[in-house]
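Asks: Residue numbers (numbering that gives the first Met the number 0), protein chains in the order written: chain A, 0 to 549; chain B, 0 to 160.
Think of the hints as simulated: they come from the structure by calculation, not from any bench.
Backbone N, C-alpha and C fix where the C-beta goes; we use that ideal spot for every residue, glycine too.
It is possible that part of the hints are untrue.
What the hints assert, rightly or not - A few chain A residues that don't get close to chain B, going by computed Cβ distances all over 12 Å: (1) Gly23; (2) Arg50; (3) Gly117; (4) Gly121; (5) Lys153; (6) Lys177; (7) Thr402; (8) Val431; (9) Ser478; (10) Glu547.
As the list claims (entries may be wrong) - According to the in silico footprint, chain A covers these stretches of chain B (three or more CB under 8 Å from chain A): (11) 88-95; (12) 143-153.
For reference, the chains in residue letters:
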Amino acid sequence: MYDVCIIGSGAGGSPIAYELANAGFKVVVLEKGENYAEKDFSKDELGVSRRDMFTPPLNEQKHVINEYAKDGTFTTYDGEKSGWNFWNGSMVGGSSNLMSGYFHRMKPNDFRLKSAYGDIKGANVVDWPISYEKLEPYYAKVEKVVGVSGRVIKHKRQEPRSSPDFPYPELETNGVVKWFDKACFELGFESLPTPRAVLSGDALGRAGCYYSNFCGSYGCSSGAKGSARAALLQKCDAKIITDAFVYKLVSDKSKVTHAHYYTKHGFSHSIEAKIFVLAAQAIESSRLLLNSKNRHFPNGLANSSGELGKNLIFSAGGSGSGRFIFENLTMRQQKELMQTGLFFNRSLQDWYEYEEDGETRKGGTIDFLFEHQNIISRVKREMYDESGGLIWGQALVDKVHKTITTSRVLTFEVFNDWLPTDNCNVGVDENVKDKYGVPVGVINLNGHSHDLKVGESLAKKAVEVLKKMGAVEIDYSISSSPPPNLVAGGCRFGDDPKTSVLDKNCKAHDLKNLYVSDASFMPTGGSVPYTWTIYANSFRVAEAIARELN
Amino acid sequence: MNSRRIFLKAGFLSTAIFVMNGCELFSVTTSQDTIRVLQNDLFPQAKKLGVETSRYIEIILRHARVSEEDKKFIKNGVKWLNEESVLMYKTTYVKLLVSDREEVLNAISKKKWGRSFMKEMTSYLFEAMLGDPIYGGNNNEAGWKWLKFTGGNPRPKEAYL
Numbered sequence: 000m001y002d003v004c005i006i007g008s009g010a011g012g013s014p015i016a017y018e019l020a021n022a023g024f025k026v027v028v029l030e031k032g033e034n035y036a037e038k039d040f041s042k043d044e045l046g047v048s049r050r051d052m053f054t055p056p057l058n059e060q061k062h063v064i065n066e067y068a069k070d071g072t073f074t075t076y077d078g079e080k081s082g083w084n085f086w087n088g089s090m091v092g093g094s095s096n097l098m099s100g101y102f103h104r105m106k107p108n109d110f111r112l113k114s115a116y117g118d119i120k121g122a123n124v125v126d127w128p129i130s131y132e133k134l135e136p137y138y139a140k141v142e143k144v145v146g147v148s149g150r151v152i153k154h155k156r157q158e159p160r161s162s163p164d165f166p167y168p169e170l171e172t173n174g175v176v177k178w179f180d181k182a183c184f185e186l187g188f189e190s191l192p193t194p195r196a197v198l199s200g201d202a203l204g205r206a207g208c209y210y211s212n213f214c215g216s217y218g219c220s221s222g223a224k225g226s227a228r229a230a231l232l233q234k235c236d237a238k239i240i241t242d243a244f245v246y247k248l249v250s251d252k253s254k255v256t257h258a259h260y261y262t263k264h265g266f267s268h269s270i271e272a273k274i275f276v277l278a279a280q281a282i283e284s285s286r287l288l289l290n291s292k293n294r295h296f297p298n299g300l301a302n303s304s305g306e307l308g309k310n311l312i313f314s315a316g317g318s319g320s321g322r323f324i325f326e327n328l329t330m331r332q333q334k335e336l337m338q339t340g341l342f343f344n345r346s347l348q349d350w351y352e353y354e355e356d357g358e359t360r361k362g363g364t365i366d367f368l369f370e371h372q373n374i375i376s377r378v379k380r381e382m383y384d385e386s387g388g389l390i391w392g393q394a395l396v397d398k399v400h401k402t403i404t405t406s407r408v409l410t411f412e413v414f415n416d417w418l419p420t421d422n423c424n425v426g427v428d429e430n431v432k433d434k435y436g437v438p439v440g441v442i443n444l445n446g447h448s449h450d451l452k453v454g455e456s457l458a459k460k461a462v463e464v465l466k467k468m469g470a471v472e473i474d475y476s477i478s479s480s481p482p483p484n485l486v487a488g489g490c491r492f493g494d495d496p497k498t499s500v501l502d503k504n505c506k507a508h509d510l511k512n513l514y515v516s517d518a519s520f521m522p523t524g525g526s527v528p529y530t531w532t533i534y535a536n537s538f539r540v541a542e543a544i545a546r547e548l549n
Numbered sequence: 000m001n002s003r004r005i006f007l008k009a010g011f012l013s014t015a016i017f018v019m020n021g022c023e024l025f026s027v028t029t030s031q032d033t034i035r036v037l038q039n040d041l042f043p044q045a046k047k048l049g050v051e052t053s054r055y056i057e058i059i060l061r062h063a064r065v066s067e068e069d070k071k072f073i074k075n076g077v078k079w080l081n082e083e084s085v086l087m088y089k090t091t092y093v094k095l096l097v098s099d100r101e102e103v104l105n106a107i108s109k110k111k112w113g114r115s116f117m118k119e120m121t122s123y124l125f126e127a128m129l130g131d132p133i134y135g136g137n138n139n140e141a142g143w144k145w146l147k148f149t150g151g152n153p154r155p156k157e158a159y160l
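Isolated chain B (complex conformation) (with noise of 0.2 Å):
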């Protein structure tokens, strides 16, 4: 783990990880295609009901209701994430093998940090699918028509950010 550095740029999601060894680039990732891809394996639905759940994060990590601390383990759960895929396969998460990364998670699943980021990581993916649609995730409100589930009225008329 020492023979590594990962280095996160300003502006999270889209900013490119520069992933090292020593002096040597590994490769080059966003914390956004991380999520994407995490959390696609996680819960693969919100891919499949047109829900964009990585975007979500965004809300996350700006909210005002939301603990600088949770904010602060959501980028370094993706950081340690891509060292741990280093550390196993030699590259990032976004390029392993479907079978490689179940692999890490299974990995990660049985180390405290881990097991919390995955849960935290699928509780932000069900609010984006299953909040209320003015949030930008629950598109037609494909979410709740899959759990055949109906949204309370009145509905709100702002996202509470």
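Looking at chain A on its own, in the form it has when it is part of the complex (with noise of 0.2 Å):
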């Protein structure tokens, strides 16, 4: 029998796995997908972005999606049929491997949402039962074992830190960060150094980054981003079981005694454990413990309280960008603009908190960076006219090689909370099963309109800064539509049995061997992306199962 089973091997797990496999504990991961090193990465744009190569095919894997409008009503959309993909890297360290690693942490008071900001009607907002008091030497060690690089200056968004700086210094920057931190210093913004998940340098055992100019959405072949499988995962000796899909968790009436899995073909296997760990991602989390339902839990493993697969939550907010064109720079400046590889890095907090109309609103995180460098997305954006028409031709060809060799495109990302409401959570339909012949997940779609509110609040300060760093063609869109990426939710933690699912050690509180360590656990999501804050929780989760082993 292992001391620890984790299900899932992405930011969620990993830590788990690193501390108690490292600490001696006989630990097993589950992973559905497959393993990939360094040498098996490569910048192949049709694998990797067109074809969809590290996540399920929606003809074997697929998800139901209801998409809720203000009336209440709602639209269904088969995953398969719409292309609507929700699935982000099904490898051992699962989509951590492919993010771009811009790193920030929740502020002090992102866990006391409702304390400080109040109620919002139709959000069912809560304070975090841990404060970031509590969290705060984990986002530290993430910084040092996971690997963070980045400048700390002074600002008036600042969290307190533990330490005076990054272990790692920041990454070497493209030249039009300089029209940047000119143009937020003249606009009276303050310009941040982004912290990155990405090594500067050879440490830790890795290679330092070699700016390959494809990051985000891409496997790392130098080991310089922090995934999970690079920072964590080969830095143990815990055994990972690759093609193992777990479909039932088996429990008595207090504790998880067998995980279930299927291998690709079909076969059937279980794993026996003192501790079972969660970490399959929110959405397949909440589906796992949802079919996993049992005569002692009736509604779903872990579910007494009613609370599992509620919540689900995303990051509001949307992105836009600028065009920076080659008639309106000097030769130096068009230089530095096509400066290849360098990041961008700038990131924007003034407005994480503001006044408008008449009260202190929570705002949000804007982050900068370059267009992504894929060829052919952008290629393929250059196929309408101005009016949206469809051109082709002599007339195509000398606007893609125009707009390709002489512009280049800025864009901004706006990160902000996505108020978590009834209707946004997940289920399971019995009647539509995935290849393995496990009903699917089911995700309600719901954004509440006060997210809207401060996306556009966000969005319009962004938008400043690109018309006077002189860019043009500025457009920007904030939506409800949500990063399959970036989600969270559905297991929320807090101290009432009766209104959430786990305790503030994430630990169910219906099992006493259950822990879920990925976002689920997330009650609100701050307004920064996520990663960092799951690794930092699943280091101090770590810690309490350890507690409980010895």
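Both chains come to you apart, so use the hints to assemble them.
Replies: In structure tokens form, the structure reads like this:
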């Protein structure tokens, strides 16, 4: 029997595997996908970005999606027919292999959103059962163990830190960053170097970044990116079983006893362990627990509260862009603009909290980055004229050549709270099965109108910067469209077993030996990408499990 | 439209398409010829660069990660393009004058299927021309060089099919 069985090998599961295996416990990790090492990754746009080689085919594994409108009605989408894909990376290390690694900590008020900003009608906002101060040592641990590069500067939204600066120096940046810093200075905004989970030099037994120009969406060939695989699983001797899709957790009334999994050929296997840790990513973790219902838990495992699957959240906000064209630039500026490989790495958090309409509102983060270098995607965007009409022939040839060779797009991404609501949750559809014969997850989607207001306010600030920098064709889109790679909730943690699935250590209230350590635990998500918080919390949970095993 | 039928035989790209009007044979063409001429009309630079884009469609039609619906749409699109050509000019697309082909494209670009088909065929052309050379289209990185683009490293050791 194993001491610990972890389901899912991404950012939620790997810190626990790393800590407990290195402490001498017998740990097994069950991963649905395949294993890849640095040597297996390439910058193949067709394979990675156009043919989705790292996610399951939708004709084999899909979701049913119900998108809610303001009036409470909803439209149902079949994931396969619509192509709406909520998979992020089925592989050892999960989607952390493919992340861009924009790492921001949540801020103290993110842990007490309700106390700090009050109720919002129609939103199920609650405070976290732990404070920022409780999680801070683990944020610091992630910086050192996973590897976060950056430069701390003093600014009005800087969260308290236990160390003065990042352990790894910031990555090199493109010359256009100077234009950005100047524009921000003139506008009175504070330009912040974006911390990245990317090593700027050789460290931790991994090679430093080689500035491939293709970071986000791609696996890292040097190991510089702090994926759960490169940073943690390759640094411990936890047993990893790939091709293992866990379809059911078996329990008695107080403990999980077995995890049953299928291989891709349909063979069923079983694992016994003292402790089970679920970290299959938010949607799939809720789905597994719902599919594991039994006579003790007829509404889903660990669901005596009825809260399982509820309050699914994403990152709200949206994105925008502006284009810099040669006609408006000096020769030197043109050269700086077209410098490839180096990062942009700038963020704004001036409006993490702001005043509007006489009230203090929670705002968010704006990250700036160059348009992804995927050439096919960039060229495809040129197929339309100004009025949206299709163009072809020599007109298209000329447009493509001019746009790609004499201009470059700077984009921004807005991150603000996706407020938890009743109509945003995970269920299962007993009538729709995946290739394993297991009921698929149902994703009910609903965005709160408040999210859009905040996103709009932030996007307008980003537009000011782009204008000041001299960009043209400035545009942005704030919507309730959920980013599939920024998903959390469904098993919120809390002190009250009647209103939460997990306790403050992410152990199920209902079961003595079941933990959930992916982003499912988060009752609210902060206004930053989630990965750093998932890592930090998982290191914290690892300590709780170690205490229990000892 | 009811007076004509187009028979698509097995072996989509290379097998003849017989364009009929009742019992009367209008013409014979192949899907590959249609696609080659169409893609040159959509984005002539590829041919100038020596990039053979129509063969790439074979990869797409066999690809495990391209849906059957998308594959069917390519096949139907070729058929419907030739039907439109016959309707407008009484012969297949490849036998039309350049100016007549342009008129056919103008006509179908105003139809939902036609606009989608033109977008899809242009997208696949871009994939062939700007994907990694290992897929057989972007020979000697001609497409990348034309756009002063440097592919990322490491390059794939094999095509993902």
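Asks: Okay, which hints does this one fail, numbers in order?
Replies: 2, 7, 11
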